[in-house]
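Listed here are the chains, written in short residue letters.
Protein chains: 2
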Amino acid sequence: MKEGPVIASVGALLGDPARANILSALMDGRALTVSELAEAAGVTIQTASGHLSKLGAANLLTAEKQGRHRYFRLSGPDVAQVLEALMGLAQRTGATRVRTGPRNAALRAARVCYDHLAGERGVELLNGARQRDYIAGDEQLVLTDRGRAFFGEFGIDLARLEKGRRPVCRACLDWSERRSHLGGALGAAILSRLLDKGWARRDSGRVVTFTGQGLGEFRSIFVPSA
Amino acid sequence: MKEGPVIASVGALLGDPARANILSALMDGRALTVSELAEAAGVTIQTASGHLSKLGAANLLTAEKQGRHRYFRLSGPDVAQVLEALMGLAQRTGATRVRTGPRNAALRAARVCYDHLAGERGVELLNGARQRDYIAGDEQLVLTDRGRAFFGEFGIDLARLEKGRRPVCRACLDWSERRSHLGGALGAAILSRLLDKGWARRDSGRVVTFTGQGLGEFRSIFVPSA
DNA sequence: GCGTTGCTTCGGTTACGACCGAAGTATGAA
DNA sequence: TTCATACTTCGGTCGTAACCGAAGCAACGC
Chain W
1 MKEGPVIASV GALLGDPARA NILSALMDGR ALTVSELAEA AGVTIQTASG HLSKLGAANL
61 LTAEKQGRHR YFRLSGPDVA QVLEALMGLA QRTGATRVRT GPRNAALRAA RVCYDHLAGE
121 RGVELLNGAR QRDYIAGDEQ LVLTDRGRAF FGEFGIDLAR LEKGRRPVCR ACLDWSERRS
181 HLGGALGAAI LSRLLDKGWA RRDSGRVVTF TGQGLGEFRS IFVPSA
Chain L
1 MKEGPVIASV GALLGDPARA NILSALMDGR ALTVSELAEA AGVTIQTASG HLSKLGAANL
61 LTAEKQGRHR YFRLSGPDVA QVLEALMGLA QRTGATRVRT GPRNAALRAA RVCYDHLAGE
121 RGVELLNGAR QRDYIAGDEQ LVLTDRGRAF FGEFGIDLAR LEKGRRPVCR ACLDWSERRS
181 HLGGALGAAI LSRLLDKGWA RRDSGRVVTF TGQGLGEFRS IFVPSA
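Protein sequence lines, in the order shown, are assigned to chains W and L. With the first letter of the first sequence counted as 1, position 69 gets the number 69 in UniProt numbering; the numbers rise by one all the way through. With the first letter of the second sequence counted as 1, position 3 gets the number 3 in UniProt numbering; the numbers rise by one all the way through.
One or more hints might be untrue.
No copy labels: a pair is met if it fits in one copy or bridges any two.
Computed list of lysine to any residue pairs in SDA-like fashion (alpha-carbon distance at most 20 Å, straight line) [as the list claims (entries may be wrong)]:
{"#": "1", "residue 1": "K197", "residue 2": "V223"}
{"#": "2", "residue 1": "K197", "residue 2": "D157"}
{"#": "3", "residue 1": "K54", "residue 2": "P5"}
{"#": "4", "residue 1": "K54", "residue 2": "A12"}
{"#": "5", "residue 1": "K54", "residue 2": "P17"}
{"#": "6", "residue 1": "K197", "residue 2": "E217"}
FYI, nobody ran anything at the bench for these hints, they're computed from the structure. As the structure is a prediction and not an experimental result, all values here were calculated from the model.
All chains, full assembly: derive it from the sequences and hints.
Here it is as C-alpha cells:
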C-alpha cells in the first residue's frame, strides 16, 4: 500500500489534458519545439513551458537545445508503449467516444506508433507475417528462418538489428484495433523501408498514408487473403 | 492530437494518491471491501466510496455485492499489467525515493503481481527457467519441450492452460528489479503450486514469504548457481 | 420491532494547480 | 548596437476536485 504515491506521481502527470495532448503529439517519435507543442495542446506558450519542464523533470521527455529552439521528444520507446497501453485501458473505460471524423478514420487505418506501423495496416502486417510463417508465437513473437530470409530480401539488415539492445520483435497492443501489431527494431525497420520504397508517406501528425500502388504492393506481400 | 483527453481521463484517475493506493492494494488480485480500501488509502470511508465509484465507472474495478459488503477487485490482469508498467516509468522518473523499510524489503524479495510471483524470487524464477532451457526467448517467451515436461512433472496441467484465452507465458516487467519475471497463465499456475506445496505463503498485502525449506527447494529447482 | 454495521449521498470548506499577462533572459539577425 | 524570436519565470486569478461531517439507505442479528 506504500507504492501508491509512486503511481500517482506519474498518473498526475498524464492526467492533465494539456500534458496528455503534448505526449500524444510526441507519440510519433519526432522532436517538437515548445511553441509547436503549445499549439498542439491548445494552451499558451508559457503554460506549455511549465508542463514541459515537469515532464522533463520526470524523465518522460528529453530536451535538446538547438539554436534558440528547444526540441522535446519522448525519452524512449518504453514511454510510448506505456501510453499506448493506457489508451487501451481508456478504451474499456468507455471514455472513448467513437468520434468517427475523417482524421480519426485515417488514424485508424494507418499511423505511426513511436517508430513503427500501427492501425489496421499494422495489424494486417503482423497477421500476414504470422500466416506466412515469417514470425511465430502468439503473444510472444519470434522471427523464423523463413522470416529472416524474407525480411533480408526486403532490404532489412537483420544482423545489425540483432546486435542492438532493442528486442527485434515486440508485440504492441493496438488501441484502435484491440489486437497486436509489430513493434521492436524490426517493426521500425519495416516502416522505414515502406517509406523509402515510396509505398507510403507520413502525413502531419501520426497519420501514415499509403499510395494506391503502394497499398497494393503491401497487401500482395503481407495480406494472404488479398 | 485528439487522443490526448483519452489518456488524460485514465491518467487523472491514477493521479490521485488515494485512488492510486486503492489500486495498489488491489494489485494482489484479491477483492477487498470499501472499508478495507479506505484504510489502505488513508481516507475516510465516504471518500473512498466516492473514489471507488469513479474507478468502477471507468471499468478499472468491478464490484460484487455480498451481504452488506461490497467487494472490489481489479477488473482484469491487464489493469494490473498497466499499473506495473506505470511503476516502471515512475522509477525512471526518480519519484522512487528509496525507502528501504523492512516491509519494503519483504516486498522486494517476493510479492504477488496480480496472480503470479514478482520481486527477486520472481526474477530468479524466470532466469533459472531460461538457463535450464524450460523457457526460451529474450523478451518474448516461449515454453520449450523440456519446459513442458518439467512443469508437467511439477504438477501443472499445461494442456488446460494452453486451451485458455490467456497467454501461457508473458514477460512482465518487474518494477523493483527492472528485469522481467514470468506472468501469464503459467506464472499464475506456478505461484499457486508453490503455495500448495507449502514452500511459501501469502502474507498480508502483496508480500510472499518463503519458508526456509521451501526457499531451498525453490532454489534447487530454479536457481542454477545455488 | 430495534440497534448495529457497511456503505452511499449531500453540503460546504479548502487547497492545489492550471492558466494567462507581464516582465525577464538568451540566441540569432540586421 | 538594436530589434526580433523563442523561451522561461513571476504573480495573481479562478476552477475543480478531494476531503470530511452529517444524514440517509440497506442488510443482518436480536
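When no copy is named, should K54 and P5 be tagged within, between, both, or neither for a Cα gap of at most 20 Å? both (17 Å within a copy, 18 Å between copies)
Give the relationship of K197 and D157 under a CA distance limit of 20 Å: within one copy only, between copies only, both, or neither. For K197 and D157, only the intra-copy Cα distance (15 Å) is at most 20 Å; the inter-copy one is 49 Å.
How would you label the pair K54, A12 (within, between, both, or neither) given a Cα cut-off of 20 Å? Answer is both; intra-copy 11 Å and inter-copy 16 Å each pass.
Classify it for me, K197 with V223: is the Cα-Cα distance of at most 20 Å met within a copy, between copies, both or neither? Within one copy, since 18 Å is at most 20 Å while 48 Å is not.
Cα distance capped at 20 Å. Does K197 pair with E217 within a copy, between copies, both, or neither? For K197 and E217, the Cα distance is within 20 Å only inside one copy (10 Å; across copies 56 Å).
When Cα atoms must be at most 20 Å apart, do K54 and P17 count as within-copy, between-copy, both, or neither? both (14 Å within a copy, 18 Å between copies)
Violated hints for the displayed structure: none, as all numbered hints are satisfied.
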